[in-house]
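Number of protein chains: 2
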Amino acid sequence: MNIGAIEAGGTKFVCGIGNEKGAILERMTIPTTTPSETLKRVVEFFEGKNIERMGVGSFGPIDLDPQSMTYGSITRTPKPYWSHFNLIGELKKHFSIPVAFDTDVNAAALGESVWGAAKGLDSCLYITVGTGIGVGSLTEGKLVHGLTHPEMGHIMVRRHPEDTYTGHCPYHGDCLEGLASGPAIEARWGKKAVELVDKAQVWEMEAYYLAQAIANYILILSPKKVILGGGVMNQKQLFPLIREQVVNLLGGYVHHKQILEEIDSYIVPPGLGDNAGLVGALGLALKE
Amino acid sequence: MNIGAIEAGGTKFVCGIGNEKGAILERMTIPTTTPSETLKRVVEFFEGKNIERMGVGSFGPIDLDPQSMTYGSITRTPKPYWSHFNLIGELKKHFSIPVAFDTDVNAAALGESVWGAAKGLDSCLYITVGTGIGVGSLTEGKLVHGLTHPEMGHIMVRRHPEDTYTGHCPYHGDCLEGLASGPAIEARWGKKAVELVDKAQVWEMEAYYLAQAIANYILILSPKKVILGGGVMNQKQLFPLIREQVVNLLGGYVHHKQILEEIDSYIVPPGLGDNAGLVGALGLALKE
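So the sequence lines, in the order shown, correspond to chains A and B.
Reading the first sequence from the start, the letters are residues 1 to 288 in this note's numbering.
Reading the second sequence from the start, the letters are residues 289 to 576 in this note's numbering.
Hints in this document: simulated from the structure, not taken from any laboratory.
Note that the coordinates shown come from a computational prediction; the quantities given were computed from them, not determined experimentally.
Where a beta carbon is used, it is the ideal one built from N, C-alpha and C, also for glycine.
A few of these clues could be false.
Claimed, not checked - Below 25 Å or equal to it, Euclidean Cα-Cα: the simulated SDA-like pairs (lysine to any residue) are:
id, chain 1, residue 1, chain 2, residue 2
1, B, Lys430, A, Ala23
2, B, Lys430, A, Gly251
3, A, Lys79, B, Arg329
4, A, Lys287, B, Leu409
5, B, Lys430, A, Lys79
6, A, Lys287, B, Gly429
7, A, Lys257, B, Met357
8, A, Lys79, B, Leu409
9, A, Lys287, B, Asp410
10, B, Lys430, A, His256
11, A, Lys257, B, Asp410
12, B, Lys407, A, Lys79
13, B, Lys575, A, Gly251
14, B, Lys367, A, Lys79
What the hints assert, rightly or not - Covered stretches of chain A (chain B as the covering partner; in silico rule of three or more C-beta atoms under 8 Å from a C-beta of chain B):
id, stretch
15, 154-163
16, 212-223
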């Protein structure tokens, strides 16, 4: 069966044709411009490919409530032109097939649980640290939604005692995303993350924030695997720093060998690498 | 059908006989002393009552992994005599019926979703603020477990700028429970909560911590209802303070009318009052 997969991002749309085994057979990257221009190219890519299902993991916030009049839409985004655009409605005009829809990070968490670092587990977190911070959660075998979809990147964290940066989140100022996303690193230190590789203080502080968030996620969701991806996590020196601080913060309270003895295999990079989102979109289509 | 229900607490065991409608027909409270003494009285209460199922909501931490050799045990508790006591194993020696087991707070969340303040919803949080702080979570229709069961009362929160109290959690010092449980209030102000009713500063500070935790829980779990019970929450003046601070902290980011317009019906006391735990244990038995 040919399955369509879309990782819909604020910078680019990655489109792929895949199969039930999680393999991507063909892919194309389309820059995110206006909705009409972008979707025109997306539709052209999928036309004539005999896809029987489609899965879409999208940037957000998005409307995932099947009862809602605006189900399938991007809701309120600072990205010009995209607020209230009904992404799924538009795709459905062109393809009379089942189209599954979820957040990009929930898709990635699902993909990792089926084919990646959390293979076979009924619970994991997928955290992306890049332009923003997003987290997808598979819990008790289900992707987590409720009143809306979670927005875990915006939780409040304790400020590092030496951090004077005010934070850049337009809603919360110094929430996690406001303090620890890629743009926050650049604004605080005056250089991009990739130019700060040798500066230990940068990564100590980054790990301080990410470890706090992860410790809280563990206390709240008790995931069986914590997967860290996104551009900032290409700084692999962050992994040991984060693992050490998570263990310290939990203080032995979560008494499980995965944390006490096997933290290196508990907090890990994505098994699917940069493909987690696209392969996850395949997973969404199959789950529908 | 007669159903046995036990709310197993560190101070008392509440035992009840109930039915499928969530009604408790008979109840008895037994002080928690040693495991053997306590369980002897529990068993005596249920004997001859023709119960066909049993549900147990317990203080913790507890072992809920069905694959574990110690499933059904209290694991490591500071409470003398109870560490590693196999509560479910002991009950099973006396009653050859299905016995469901979960945390006291997960049981309460379930009870509230079936018969209480979150009736008909597939998602809610039940937060108890008393001697400790515990939180049960129903998410996507499932009680949340993973690596272990969640320990949401121990998340890290930002310290109130005027708070000089160091916190009393033996594991984390000034985590949420260390700063906002009943004993923390008493240690900080030198009096019990009930003697501090008129002191506005006490409740502003308490609401500051609880609202932070609730805002983070909302960002992480997106519950459809937040229920606050426990001894400290008998101070009803806390509710409006907490609601206001949660709305402020979220800063309009979680764009849902339940938060933006209807916060009074979103953050609420238990519909089952002090019975949430016991009725929830009935719910566990029926869910098994």
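Status of each hint after checking the structure:
| no. | hint | result |
| --- | --- | --- |
| 1 | B/Lys430 / A/Ala23 | 31 Å, violated |
| 2 | B/Lys430 / A/Gly251 | 28 Å, violated |
| 3 | A/Lys79 / B/Arg329 | 64 Å, violated |
| 4 | A/Lys287 / B/Leu409 | 23 Å, holds |
| 5 | B/Lys430 / A/Lys79 | 35 Å, violated |
| 6 | A/Lys287 / B/Gly429 | 17 Å, holds |
| 7 | A/Lys257 / B/Met357 | 15 Å, holds |
| 8 | A/Lys79 / B/Leu409 | 33 Å, violated |
| 9 | A/Lys287 / B/Asp410 | 20 Å, holds |
| 10 | B/Lys430 / A/His256 | 22 Å, holds |
| 11 | A/Lys257 / B/Asp410 | 32 Å, violated |
| 12 | B/Lys407 / A/Lys79 | 38 Å, violated |
| 13 | B/Lys575 / A/Gly251 | 34 Å, violated |
| 14 | B/Lys367 / A/Lys79 | 54 Å, violated |
| 15 | 154-163 | holds (count 6) |
| 16 | 212-223 | holds (count 10) |
Hints 1, 2, 3, 5, 8, 11, 12, 13, 14 from the list above are not met by this structure, while the remaining hints are.
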